[in-house]
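Engineer: Sequence:
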Amino acid sequence: TDEQCGETASDCKCCDGRNGHHLSEDCPCCKRYSGVCDKDGCDFNSYRMGDQKFFGKGAGYTVDTSKPISVVTQFITTDGTDNGDLKEMRRLYVQDGKVIQNSKISP
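According to my numbering, the sequence shown holds residues 1032 to 1138 in order.
It is possible that some hints are incorrect.
[Stated by the list, open to error] Straight-line alpha carbon distances no greater than 25 Å define the calculated DSS-like cross-link-like pairs of lysine-lysine that follow:
no.	residue 1	residue 2
1	1088	1129
2	1098	1084
3	1135	1088
4	1088	1098
5	1084	1135
6	1135	1098
7	1129	1098
8	1084	1118
9	1098	1118
Derived by calculation from the structure, the hints in this document are not laboratory data.
With the sequences and hints as input, model every part of the structure.
Structural biologist: Right, here's the structure in full:
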């Protein structure tokens, strides 16, 4: 139920905590895992991937969500043109005039 949900599935009391496995059909943050698709797909969630201090509210985080943030996504092609084959995608954050690389993950 909504009163059991936190801000994310990792805070949810009706989902399986930090790993977000689906436990409750009624929980909006657990429904992410219902169905047949790979719900994690290509997303990149710093917290879920091991960097709990990358993105959050306050000075204790690399990206402080209490301040304005610009998110830059770069699509790098094999030949450096707009029409080349995609080789890499990069996500950068800009905050207070500082460019912040995406978090590193712990496998």
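Engineer: Now tell me if each hint is right for this structure.
Structural biologist: So, going through the hints one by one against the coordinates:
no. : hint        : verdict
1   : 1088 / 1129 : holds (17 Å)
2   : 1098 / 1084 : holds (16 Å)
3   : 1135 / 1088 : holds (19 Å)
4   : 1088 / 1098 : holds (8 Å)
5   : 1084 / 1135 : holds (11 Å)
6   : 1135 / 1098 : holds (22 Å)
7   : 1129 / 1098 : holds (13 Å)
8   : 1084 / 1118 : violated (28 Å)
9   : 1098 / 1118 : violated (32 Å)
The structure is inconsistent with the numbered hints 8 and 9, although it conforms to all the rest.
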